[in-house]
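Chains A and B are the protein sequences, given in the same order.
Under UniProt numbering, the first residue of the first sequence carries the number 1, and numbering increases by one thereafter.
Under UniProt numbering, the first residue of the second sequence carries the number 1, and numbering increases by one thereafter.
Derived by calculation from the structure, the hints in this document are not laboratory data.
No residue lacks a Cβ here, since even glycine has one placed at the ideal position from N, Cα and C.
Any given hint could turn out to be false.
Stated by the list, open to error - Quick list of the computed label-pair ranges, beta carbon to beta carbon:
{"no.": "1", "chain 1": "B", "residue 1": "THR113", "chain 2": "A", "residue 2": "LEU237", "range": "36 to 42 Å"}
{"no.": "2", "chain 1": "B", "residue 1": "ALA11", "chain 2": "A", "residue 2": "PHE205", "range": "44 to 50 Å"}
{"no.": "3", "chain 1": "B", "residue 1": "ALA364", "chain 2": "A", "residue 2": "MET61", "range": "52 to 58 Å"}
{"no.": "4", "chain 1": "A", "residue 1": "ASP142", "chain 2": "B", "residue 2": "SER249", "range": "54 to 60 Å"}
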Amino acid sequence: MTDATQIPSSGAARPAGKSIITTDDRTKKRNAAEKRFRMYGIAAILAGIACLVVLLGSILMNGASAFQQTFIQVPVYLNPEAVDPNGNRDPEEMGSATTFTYKPIVVDAMAALVEERGIETEIDPGDMDALFSAAAVAQVRDRVLANPELVGETVTFNILASSRVDGYLKERVSRDSVARDSNIDAGHLDIVDELRAEGDVVKRFNWDFIFGADASESRPEQAGMGVAMLGSFFMMLVVLGLSLPIGVAASIYLEEFAPQNRLTDIIEVNISNLAAVPSIVFGILGLAVFIQFMEFPQSAPLVGGLVLTLMTLPTIIISTRAALKSVPPSIRDAALGVGASKMQSVFHHVLPLAMPGILTGTIIGLAQALGETAPLLLIGMVGYIATNYPDGVASGFLDPNSAMPAQIYEWAKRADPAYYERAWGGIIILLVFLFAMNAIAILLRRKFERRW
Amino acid sequence: MPFYWTLAIIALLCAAGYVLGRRKAVASVGGDKRRLHSLPNFYGMNVALKGAVPAFGLLVFWLIAQPLFVEWRVSSIVSDLAVSEARDLGLVMVDVRRVADGLDTAVATGTMTASEATDIAAGDGNVRERLGAAGVALGSEVSEPVLRAAQRYRALSSTGDTLRSVAVLAVLLLGLGWAYRETDGEFRARNVVEQGVLALLLGAACIAILTTLGIVLSLIFNTIEFFSIYPASEFFFSTTWSPSFGGGSSLGILPLLWGTLYISLIALAVAVPIGLMAAIYLSEYASPRVRGVAKPALEILAGIPTIVYGLFALLTVGPALMVVFGDGGLGWMQAGTAVMTAGLVMGIMLIPFVSSLSDDIINAVPQSMRDGSYGLGATQSETVRQVVLPAALPGIVGAILLAASRAIGETMIVVLGAGAAARISPNPFEAMTTVTAKIVSQLTGDADFSSPEALVAFALGMTLFVLTLGLNVFALYIVRKYREQYE
Chain A
1 MTDATQIPSS
11 GAARPAGKSI
21 ITTDDRTKKR
31 NAAEKRFRMY
41 GIAAILAGIA
51 CLVVLLGSIL
61 MNGASAFQQT
71 FIQVPVYLNP
81 EAVDPNGNRD
91 PEEMGSATTF
101 TYKPIVVDAM
111 AALVEERGIE
121 TEIDPGDMDA
131 LFSAAAVAQV
141 RDRVLANPEL
151 VGETVTFNIL
161 ASSRVDGYLK
171 ERVSRDSVAR
181 DSNIDAGHLD
191 IVDELRAEGD
201 VVKRFNWDFI
211 FGADASESRP
221 EQAGMGVAML
231 GSFFMMLVVL
241 GLSLPIGVAA
251 SIYLEEFAPQ
261 NRLTDIIEVN
271 ISNLAAVPSI
281 VFGILGLAVF
291 IQFMEFPQSA
301 PLVGGLVLTL
311 MTLPTIIIST
321 RAALKSVPPS
331 IRDAALGVGA
341 SKMQSVFHHV
351 LPLAMPGILT
361 GTIIGLAQAL
371 GETAPLLLIG
381 MVGYIATNYP
391 DGVASGFLDP
401 NSAMPAQIYE
411 WAKRADPAYY
421 ERAWGGIIIL
431 LVFLFAMNAI
441 AILLRRKFER
451 RW
Chain B
1 MPFYWTLAII
11 ALLCAAGYVL
21 GRRKAVASVG
31 GDKRRLHSLP
41 NFYGMNVALK
51 GAVPAFGLLV
61 FWLIAQPLFV
71 EWRVSSIVSD
81 LAVSEARDLG
91 LVMVDVRRVA
101 DGLDTAVATG
111 TMTASEATDI
121 AAGDGNVRER
131 LGAAGVALGS
141 EVSEPVLRAA
151 QRYRALSSTG
161 DTLRSVAVLA
171 VLLLGLGWAY
181 RETDGEFRAR
191 NVVEQGVLAL
201 LLGAACIAIL
211 TTLGIVLSLI
221 FNTIEFFSIY
231 PASEFFFSTT
241 WSPSFGGGSS
251 LGILPLLWGT
261 LYISLIALAV
271 AVPIGLMAAI
281 YLSEYASPRV
291 RGVAKPALEI
301 LAGIPTIVYG
311 LFALLTVGPA
321 LMVVFGDGGL
331 GWMQAGTAVM
341 TAGLVMGIML
351 IPFVSSLSDD
361 IINAVPQSMR
371 DGSYGLGATQ
381 SETVRQVVLP
391 AALPGIVGAI
401 LLAASRAIGE
411 TMIVVLGAGA
421 AARISPNPFE
431 AMTTVTAKIV
441 SQLTGDADFS
451 SPEALVAFAL
461 GMTLFVLTLG
471 LNVFALYIVR
481 KYREQYE
């Protein structure tokens, strides 16, 4: 028999107080430490999730209002003597009447509206221009030039309210802040309150923010993301068109064909290092090589796309290699066994099986590239006010443009707080794209992923 | 011939070559495909590849070489002018190019005939006005040598373009013809095509090397140029950073490095404890359900673009910190943009980075080690602290170093959140600036690229590149050297 049976049964050898039923001090301490440690872990995760919630919450709270815009419904009498002095309704000749001619018309219409509603105000009728945007005058002029038959009639326009009025309705501008503001008086806000009660001032969904062009620094109410979105779109076309074929070709070489030699080692080390190079350094590369040396046009989506391609390549190569590696060797052996060449086995069998993984990796790489800002700053995609849509495919690639993240940065830098709202709103649009891309990647993976 | 046409013709001829090559191979064996060495398609591909690859190669080479050549020939015309008027040759060349583009536009819009554009002299008619009518605004009157240089530039460019099309098409036809001639039933088309495809694959893989080379060369050349006009010792050891584009600026990197390291340190102080504890909890304690929710939630943080974090720092975290530490509160903070703001937000950005790397490393510690520890009576937390973490330490250190390299290279958060003043101060509530933020501010705007104030950005970029690369290599070295091999 072993010693185990010879333990004295009396229990006297057990130190006093050491019971397995009641815990002693040291065990209590250790259990408390255990509990604390666990709490630290939970606290860490909660802290991380809290950061996420605060971040997303502040984006939504600050940005959602950018999708609403205040409009004023004003009946405007289009005085023929002012807009069409020659009286022949010829749009070409009427074009000589500039926005300077139109401004008094809109201001008068505004004052007339205020009087018609019976609003008593100390504001001079000539100062009504603080209520509407500078863009509103151009809006009226464009409509008149497009429809000359309207001249002489009273037409109701939905004109853009100024950013201060818009901010007042969104509670960004308060009466306290107006007191220090030279652009608008408290009296204007009284008018706005009354007009709002009458239903002349309305808040509507702001399609122009999504599809419109950027505006100059003084009229945030007019600024939109549309042109920058197109810039991003053309950049992503370049990135997709270059990085997918190059990345897949490089991965096939490294995974399937590369011999064990110096060159292969150098390529591998280079790829893993490039993945860790800060994005701003890629911007320097783009500036020095593409713009200074090759003299590509500045601010062009083509150049942005090239820089982002170089940046995304390591990501795509790494995920493509993982996808190729996950195809079991038996597939290759079977193909070789029935007489395919090595190249045929890869292109006919391995690559199609790895395709879902490759596409997932590519979409994630594209999503990264879409949100990248720093390299775009250096190749001049910031500071450019994207007010014109490109006229065609070639000009889409070559004409100066902005990109979504660059546009957001541009707005964040402008002094007017109304632009901050636009920047947050722009982030919502950007994040919608990113979430959509990631969702597609996840769906692709769920649907086509094969376990071998 | 427009550039796109060249591309279209190459594509068309290659497609034709493919069809013809395939047909000739099949015909050479009397239609009995079994007697061919390779599958018929390989004969077609052989012809198409031998046409397209050299043609594209020449096209790309020509596109890069022609501007350099034209520039060199034209600059010899205006170099006397540059000397006589004591102007920078580069600036004169900018004028020349602008005038040449203007003449092109004028011809395209029809305000000038093609022969007028080539013969017009500065003497006859007002060139500037006529170009202005075509919508080309010129800054100053066009002088005779500049106009002549511009005309020469146009002439050379257009001859170059014609020659390019001719040469590319000649090479294309030669390649196609050669491949077509060698096509017959005995020809080992598959082997040749596969060799060609392998070479293309290798070429694609080499783009990684080219990119690195491009980065290193563009940094080195410009950095050397910078150090030739600004003393290196000043750059590395001076403690003041005050660039002024008028000249006489002091460009010391130390304040920028201090700001960079201070912000990174705060970021790591936030990210490492939270990320590491989260990873430990997720891999050791969490039930699969909790893990299934918490891990993706944390990883969302990693997918959010840095511009979003930048705006978050500028507009949410900065003002929030001002409420506590600003004038109304403790009075330590002057403005919302400060080291603390940028550091905290960067820390949030790095949490998922640290946690997912550490998670992988902790999961790689074999279960048998934990079981052994439990068998000796250790509690779970004792096991983690005394067995799992020491085993995972090299990997965790590597992860932290990688996170540090991320923090040092991060741009948008510091551009928006850290302020613009370069100073060395121990107070984390003061605005400081970083290497990356200054690269952006020195290279954006209309700076002259030959001034030390712009070139310093390349020296800063070089420093940044060396620093981050060093950290990465060091991290990999630590992981490799101290990794325990379990099995």
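Against the structure, the hints:
no., hint, in the structure
1, B:THR113 to A:LEU237: 36 to 42 Å, "holds, 38 Å"
2, B:ALA11 to A:PHE205: 44 to 50 Å, "holds, 45 Å"
3, B:ALA364 to A:MET61: 52 to 58 Å, "violated, 41 Å"
4, A:ASP142 to B:SER249: 54 to 60 Å, "violated, 48 Å"
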